[in-house]
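Construct the complete structure from the given sequences, taking the supplied hints into account.
Just so you know, the protein sequences line up as chains A, B, C, D, E, F, G, H, I and J, in that order. Okay, so the first sequence: first residue is 1 according to the numbering used here, each after it adds one. Okay, so the second sequence: first residue is 1 according to the numbering used here, each after it adds one. Okay, so the third sequence: first residue is 1 according to the numbering used here, each after it adds one. Okay, so the fourth sequence: first residue is 1 according to the numbering used here, each after it adds one. Okay, so the fifth sequence: first residue is 1 according to the numbering used here, each after it adds one. Okay, so the sixth sequence: first residue is 1 according to the numbering used here, each after it adds one. Okay, so the seventh sequence: first residue is 1 according to the numbering used here, each after it adds one. Okay, so the eighth sequence: first residue is 1 according to the numbering used here, each after it adds one. Okay, so the ninth sequence: first residue is 1 according to the numbering used here, each after it adds one. Okay, so the tenth sequence: first residue is 1 according to the numbering used here, each after it adds one.
Treat each hint with caution, since some may be false.
Stated by the list, open to error - As a list, the in silico DMTMM-like pairs of lysine to aspartate or glutamate whose alpha-carbon atoms are at most 25 Å apart:
(1) K63(F) x E130(A)
(2) K63(C) x E80(D)
(3) K63(A) x D68(F)
(4) K63(J) x E130(I)
(5) K69(H) x E130(H)
(6) K69(A) x E56(A)
(7) K69(C) x E56(D)
(8) K69(J) x E56(I)
(9) K63(C) x E130(D)
(10) K25(F) x D68(F)
(11) K63(A) x E34(A)
(12) K69(J) x D115(I)
(13) K69(J) x E34(I)
(14) K69(E) x D19(E)
(15) K63(H) x E130(G)
(16) K63(C) x E34(D)
(17) K69(B) x E17(B)
(18) K69(A) x E17(A)
It is worth saying that the hints were derived from the structure and are not from the lab.
10 protein chains.
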Amino acid sequence: MLVRLMYASRATAAFSEADLAQILKTSREHNPAEGITGLLCYSDGMFVQVLEGGREAVNARYKHIVLDKRHRDVVLLGYEEIVERGFPGWNMGQVNLHRLNPALVLKYSETGRLDPYAMSGGAMAALFREMCASGAIAVS
Amino acid sequence: MLVRLMYASRATAAFSEADLAQILKTSREHNPAEGITGLLCYSDGMFVQVLEGGREAVNARYKHIVLDKRHRDVVLLGYEEIVERGFPGWNMGQVNLHRLNPALVLKYSETGRLDPYAMSGGAMAALFREMCASGAIAVS
Amino acid sequence: MLVRLMYASRATAAFSEADLAQILKTSREHNPAEGITGLLCYSDGMFVQVLEGGREAVNARYKHIVLDKRHRDVVLLGYEEIVERGFPGWNMGQVNLHRLNPALVLKYSETGRLDPYAMSGGAMAALFREMCASGAIAVS
Amino acid sequence: MLVRLMYASRATAAFSEADLAQILKTSREHNPAEGITGLLCYSDGMFVQVLEGGREAVNARYKHIVLDKRHRDVVLLGYEEIVERGFPGWNMGQVNLHRLNPALVLKYSETGRLDPYAMSGGAMAALFREMCASGAIAVS
Amino acid sequence: MLVRLMYASRATAAFSEADLAQILKTSREHNPAEGITGLLCYSDGMFVQVLEGGREAVNARYKHIVLDKRHRDVVLLGYEEIVERGFPGWNMGQVNLHRLNPALVLKYSETGRLDPYAMSGGAMAALFREMCASGAIAVS
Amino acid sequence: MLVRLMYASRATAAFSEADLAQILKTSREHNPAEGITGLLCYSDGMFVQVLEGGREAVNARYKHIVLDKRHRDVVLLGYEEIVERGFPGWNMGQVNLHRLNPALVLKYSETGRLDPYAMSGGAMAALFREMCASGAIAVS
Amino acid sequence: MLVRLMYASRATAAFSEADLAQILKTSREHNPAEGITGLLCYSDGMFVQVLEGGREAVNARYKHIVLDKRHRDVVLLGYEEIVERGFPGWNMGQVNLHRLNPALVLKYSETGRLDPYAMSGGAMAALFREMCASGAIAVS
Amino acid sequence: MLVRLMYASRATAAFSEADLAQILKTSREHNPAEGITGLLCYSDGMFVQVLEGGREAVNARYKHIVLDKRHRDVVLLGYEEIVERGFPGWNMGQVNLHRLNPALVLKYSETGRLDPYAMSGGAMAALFREMCASGAIAVS
Amino acid sequence: MLVRLMYASRATAAFSEADLAQILKTSREHNPAEGITGLLCYSDGMFVQVLEGGREAVNARYKHIVLDKRHRDVVLLGYEEIVERGFPGWNMGQVNLHRLNPALVLKYSETGRLDPYAMSGGAMAALFREMCASGAIAVS
Amino acid sequence: MLVRLMYASRATAAFSEADLAQILKTSREHNPAEGITGLLCYSDGMFVQVLEGGREAVNARYKHIVLDKRHRDVVLLGYEEIVERGFPGWNMGQVNLHRLNPALVLKYSETGRLDPYAMSGGAMAALFREMCASGAIAVS
Ligand SMILES: Cc1cc2nc3c(=O)[nH]c(=O)nc-3n(C[C@H](O)[C@H](O)[C@H](O)COP(=O)(O)O)c2cc1C
Ligand SMILES: Cc1cc2nc3c(=O)[nH]c(=O)nc-3n(C[C@H](O)[C@H](O)[C@H](O)COP(=O)(O)O)c2cc1C
Ligand SMILES: Cc1cc2nc3c(=O)[nH]c(=O)nc-3n(C[C@H](O)[C@H](O)[C@H](O)COP(=O)(O)O)c2cc1C
Ligand SMILES: Cc1cc2nc3c(=O)[nH]c(=O)nc-3n(C[C@H](O)[C@H](O)[C@H](O)COP(=O)(O)O)c2cc1C
Ligand SMILES: Cc1cc2nc3c(=O)[nH]c(=O)nc-3n(C[C@H](O)[C@H](O)[C@H](O)COP(=O)(O)O)c2cc1C
Ligand SMILES: Cc1cc2nc3c(=O)[nH]c(=O)nc-3n(C[C@H](O)[C@H](O)[C@H](O)COP(=O)(O)O)c2cc1C
Ligand SMILES: Cc1cc2nc3c(=O)[nH]c(=O)nc-3n(C[C@H](O)[C@H](O)[C@H](O)COP(=O)(O)O)c2cc1C
Ligand SMILES: Cc1cc2nc3c(=O)[nH]c(=O)nc-3n(C[C@H](O)[C@H](O)[C@H](O)COP(=O)(O)O)c2cc1C
Ligand SMILES: Cc1cc2nc3c(=O)[nH]c(=O)nc-3n(C[C@H](O)[C@H](O)[C@H](O)COP(=O)(O)O)c2cc1C
Ligand SMILES: Cc1cc2nc3c(=O)[nH]c(=O)nc-3n(C[C@H](O)[C@H](O)[C@H](O)COP(=O)(O)O)c2cc1C
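So this is what it looks like as structure tokens:
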């Protein structure tokens, strides 16, 4: 059974570029073997990640992520059983957002800064789709 | 939570181009900081304005506007919670309508003159969308 | 409140081209001032007219038309409150049908001759839309 | 083809109970022979009437009614082709409203007084249905 | 045109039972004459009010209310054009909530305390309907 | 923002009645203060739990639960934003299932034994609803 | 494949009660063997009949009926493939209508007399259903 | 009232090209005067014909056709009241199918040979539409 | 994954009551252990059976049944993935139909005799549901 | 009656290219004569096949296939009555998949390897459609 899981979290104060690189490396090692695909978005000290894959695999990996000390306030934005993946071609962890288009963020939020904690899961997903479609996401 | 608010009002008799310029200036100062976007339409001594943004911000600003002595008979045409803005790219106050296309107005009203007080909110919104789409709105 | 009214009628035996011209002239004088737009179709001694505009204006004008001695058997084919006009750009009375495309009429009726009395309002409206779209209506 | 026609009108200043009785008498003579059924509501100097029957019959009778000098400002509220009558058992003209329930009227209008001219056809029809259902209509 | 308007606000610190009584008295004097009906709910220093009536009347009264110094943070929860009132029989101002059923509030909110500022307009309306239906609203 | 979260897990081999009692006690202490309601179902060494409440509160508590050493293989079965709770009156932790009705379980699964890991979230939710409705859940 | 066929026809001038009895007798002999069920309605010199059964059987029988010299102007009112019969328990030919309820007929037609030729198939079917439901059909 | 009637039949053993020509000639003489349009398809000793026109006209002509000794086993495939014709431009009888595209027939039937008796009316109509669209029908 | 499978078959000429008893006995032994439930209907030398259970289990058992020499012409009438069983409480094999209600069968078929080969899967399922609901199925 | 049947199976250990060639040869001989079309997909020791055709023909052939010793674990993925074939132009057996695009498979499954046993029939059908559309299927 395929599922899609989306969550938001806040990086800890000490979080650095090196930490991000490390997470991406880890993800590239684990995810393919576990059949997990998705998208990791980092911006303004906040993460939003989409994980897609088998139900057991995604939940097992999500348990690790929830416990990871490099971020906190992990909050699920959405979780659903799916028939087909939305991000089959993306290898998780390859995405590093340095600068989000504020106009695009503004369209879905109260201010031009991304704050997934103030958004419904549906709005976040819509913003994600539009970011992907518009190429606003810069691949590192 | 994002909301969209649309209202109509009548300019006071003494209302001048200078007043309009002043309103636009004020709006350009306030709105971006409050995450408010939208559209201000002025024609034949009547205003129709759309305000989009966070629920608190829009209501707080609307309170100021309702009290503004430069217009009267402020009447809500619509108010709804939205997932995405319809006018994310417009900076409020930039729009100044010198001449509305009567044929277009006629399509949604009983006569060729814009009278939002005689229209339902839905008709006003449809007219707005068509004005935007057709470029009938002249940006000052 | 905008409404659309459609009716059919039969010209009296004595009806002439001059009568038609007179009706068109009258319509051009009255309708714009009353915010009434629409379409007048004359063919084979029968009229079908669409009137769009404010509810009071359309009904007041319709009362005059019903009483007009130049036609009889006036029968409503449709009447509805609308949000937007279907014929905002047409000035009533400009249309004079000398020859309807029988193939087009046949599509919606039992014979190739237009007989609105044998048609539902919906079929008549569909025929009208197709006539407009296909340019089958000859503007005098 | 069956149709349903609903209109509103204003009684002339001189309109009296005797006039109403006369209209009812006339209706009782004409309508059954023409297959016309419906409802006549009189209140506060205003009429709202529903006529149901064959398309030709209803339009012919409506022409007479529109011309009747005992009322003015006749405005169509609705007109539609129907498969079955809504008032098959009512003999037109039997209904005489001396007193409408204001609470019921208030539910569909801005004030407690019936003003069909300020109502959409849909609201009027809904009020009618509720009046019938609740027995608020007093049969003379 | 009928509209329904719902808003929330916070009573000022000094707000007293006497103030509430005064508001109710004022409402009873104004609203019937203006064709305004609805519901005023007061609980834990917060108001939620529903106003129904003609578009102009409701907006004019709302302007007064927004300016009223006895409360602040007035935020619209909903506004829509309606065909029929939901509260035609309630005289505004008769309702005084001393104690809301926490179980009922909990059903629609994150905690057992009513906080309309943390709720969508739809949830607030649903809570309102259930309070009315269950008799949870105590009429003073 | 209210959410509903449902998961399944397997009790560790050593899990005892005393452990269950301890979990119930803890839940009774924590959940009300956090505005969390729901249902805990224990059967055949497996848990299925529904948690309802504010998004932050539910996620924070879920993090604790995921880490709890008394069970493993925690797998999300469903997660959604809701307008109203489905279990507002249940105090979490009061439910202890000694014996599930196999006929009922069979209706939604391949065998008569409850195996949430082999079920979709939708089927699990349907089974839950029917268990509640039929009183099949024994409250300890 | 099951089908339902409905038609109307006019009895010839000479048609008598004896003819009707003969038709009923014939139908009782043929129809059961051919798996044909339905309803025969005779009123005011007109027939409306519903035939249900296998596609071949119904068409073969209909050919005989079309040719029958005892009636003329046979016109199909409806024909459709069905999954289940609407009249499985009626033996064709048992129904003899001496007197139709005019109020009921009026509901679906322009006058109180049944004229299937002036009705759509849908209206005729609706009338049929209501006649059956209300017991208005007298079984001979 | 416009109707569309579709039937299938089997040509008698002796049926020849001359017979077909004769039918086409007869149709060209009768149908236009009766307002009947449609399509006659002949293939492998079987006919499928669509007749469109007024209800009385189509039924009267169908009676003649059912009785025609040149074919047998006439079976209705469909009959419905329509608002607009599907074949307004075709003069009945002009179509003579010498060779049907077996691939196209196979798409809607169990074998590559057209057997309307083994098809539902809906499948036959779909095949017809696709034959027309693809030009598979050869006009004689 | 749960599935529902329905098929029809013809008993071989030699099929006896003893054979049926044997099948029932076998089914009672196998099915519960495999989580298979359903219904076996035997009438006029034909079987219709519904099998519900896990996808693998149902298919494995169906393979045995297809090969069973006691019947032939096994034809699938339906197969679908389901969320909940329709026959959770029936132990397969308990049902023995000596006499089907012909009126009920007639409702869904061309004659009063059950012939699943001449029926669509949907009609067969509808007949099944009605037989169950009406108690027409006699349990041996 | 047309049906579409889809199943999965596992080739036996000894299965060779020669076996596949033999199956294709057999299919090319049998299927056209039986009006059966479809698609046979072989990959990683597993088959997925779609069979379309008459209900009897498809079931008779499926019985042979289920018994074929060259594969095992035959499991139906879908079966439905259809109006038109999805693969009318494919001759069964011509397709031989040496290499499936893992990215495409990953989109519908938990890992990059095709495992129809872990997929719902709907997901398998969606994958099939996309493989056909993208040309991912290599025709031998
Ligand atoms: C925001 C964030 C996203 C992460 N995403 C992934 C991921 O997609 N895959 C992964 O394996 N680890 C991810 N990690 C790292 C995990 O939290 C964890 O460190 C890793 O799974 C540990 O794996 P291991 O201890 O089994 O090697 C992420 C960490 C953070 C903070
Ligand atoms: C028709 C109309 C539209 C206005 N729109 C805005 C607006 O979008 N933003 C804004 O800040 N002020 C707007 N104003 C001005 C406000 O009424 C008010 O003057 C202003 O918000 C006062 O701000 P301040 O006193 O806090 O500086 C508008 C005034 C009018 C008459
Ligand atoms: C078929 C027909 C269509 C007409 N359409 C219009 C019309 O659209 N507008 C109009 O003013 N008069 C129309 N007339 C003329 C009116 O019947 C009537 O003569 C006219 O409104 C009289 O106006 P007056 O007496 O107020 O000048 C029409 C007449 C006929 C016979
Ligand atoms: C409000 C109103 C309603 C009327 N309703 C009817 C009616 O339903 N039937 C009718 O025959 N006349 C009705 N009349 C009277 C007609 O206007 C007209 O006087 C009558 O049809 C004249 O008929 P006659 O001159 O052909 O006898 C109504 C009049 C008024 C003012
Ligand atoms: C929460 C709240 C609700 C109120 N509701 C109403 C109301 O429904 N009707 C009303 O007339 N005044 C209401 N008032 C009072 C108005 O704010 C205002 O005092 C009153 O309309 C003033 O009327 P006046 O100055 O025209 O007499 C309300 C005030 C508050 C604080
Ligand atoms: C199956 C299961 C369900 C639980 N449900 C709850 C719960 O609803 N609320 C709760 O506070 N703890 C629950 N717990 C216990 C938590 O895992 C954890 O022990 C507790 O939240 C720790 O709280 P504390 O360390 O903050 O006191 C549950 C544990 C298990 C194994
Ligand atoms: C209005 C009408 C309805 C009839 N209905 C049936 C019928 O349902 N079944 C039937 O067998 N004959 C019916 N008949 C009689 C047939 O027209 C025809 O006489 C009969 O089928 C001849 O059968 P036979 O010549 O094969 O014996 C009906 C005739 C009429 C005029
Ligand atoms: C398959 C078939 C189709 C026919 N289609 C028509 C047709 O569309 N129009 C027509 O007038 N006659 C058609 N006919 C001929 C009629 O059956 C009949 O011969 C003709 O209507 C007789 O007309 P008449 O005797 O009134 O001159 C068709 C005959 C057959 C066998
Ligand atoms: C119409 C029919 C229905 C049957 N239904 C079942 C069934 O539901 N369960 C079952 O185990 N066998 C059923 N059987 C018997 C099987 O065909 C087969 O004999 C049996 O599964 C053999 O099991 P075994 O050889 O593994 O013991 C049925 C046979 C027939 C002819
Ligand atoms: C995966 C698979 C697919 C097959 N597909 C077909 C097929 O489409 N048509 C066919 O005739 N045989 C097919 N066969 C072969 C049949 O199982 C069987 O061998 C064949 O129908 C025997 O036919 P015969 O013994 O009647 O000659 C297939 C076999 C396998 C293993």
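How the hints compare with the structure:
| no. | hint | in the structure |
| --- | --- | --- |
| 1 | K63(F) x E130(A) | 30 Å, violated |
| 2 | K63(C) x E80(D) | 19 Å, holds |
| 3 | K63(A) x D68(F) | 11 Å, holds |
| 4 | K63(J) x E130(I) | 30 Å, violated |
| 5 | K69(H) x E130(H) | 30 Å, violated |
| 6 | K69(A) x E56(A) | 23 Å, holds |
| 7 | K69(C) x E56(D) | 18 Å, holds |
| 8 | K69(J) x E56(I) | 18 Å, holds |
| 9 | K63(C) x E130(D) | 30 Å, violated |
| 10 | K25(F) x D68(F) | 15 Å, holds |
| 11 | K63(A) x E34(A) | 14 Å, holds |
| 12 | K69(J) x D115(I) | 33 Å, violated |
| 13 | K69(J) x E34(I) | 24 Å, holds |
| 14 | K69(E) x D19(E) | 11 Å, holds |
| 15 | K63(H) x E130(G) | 30 Å, violated |
| 16 | K63(C) x E34(D) | 22 Å, holds |
| 17 | K69(B) x E17(B) | 16 Å, holds |
| 18 | K69(A) x E17(A) | 16 Å, holds |
Violated hints, listed in ascending order, are 1, 4, 5, 9, 12, 15; each of the other numbered hints is respected by the structure.
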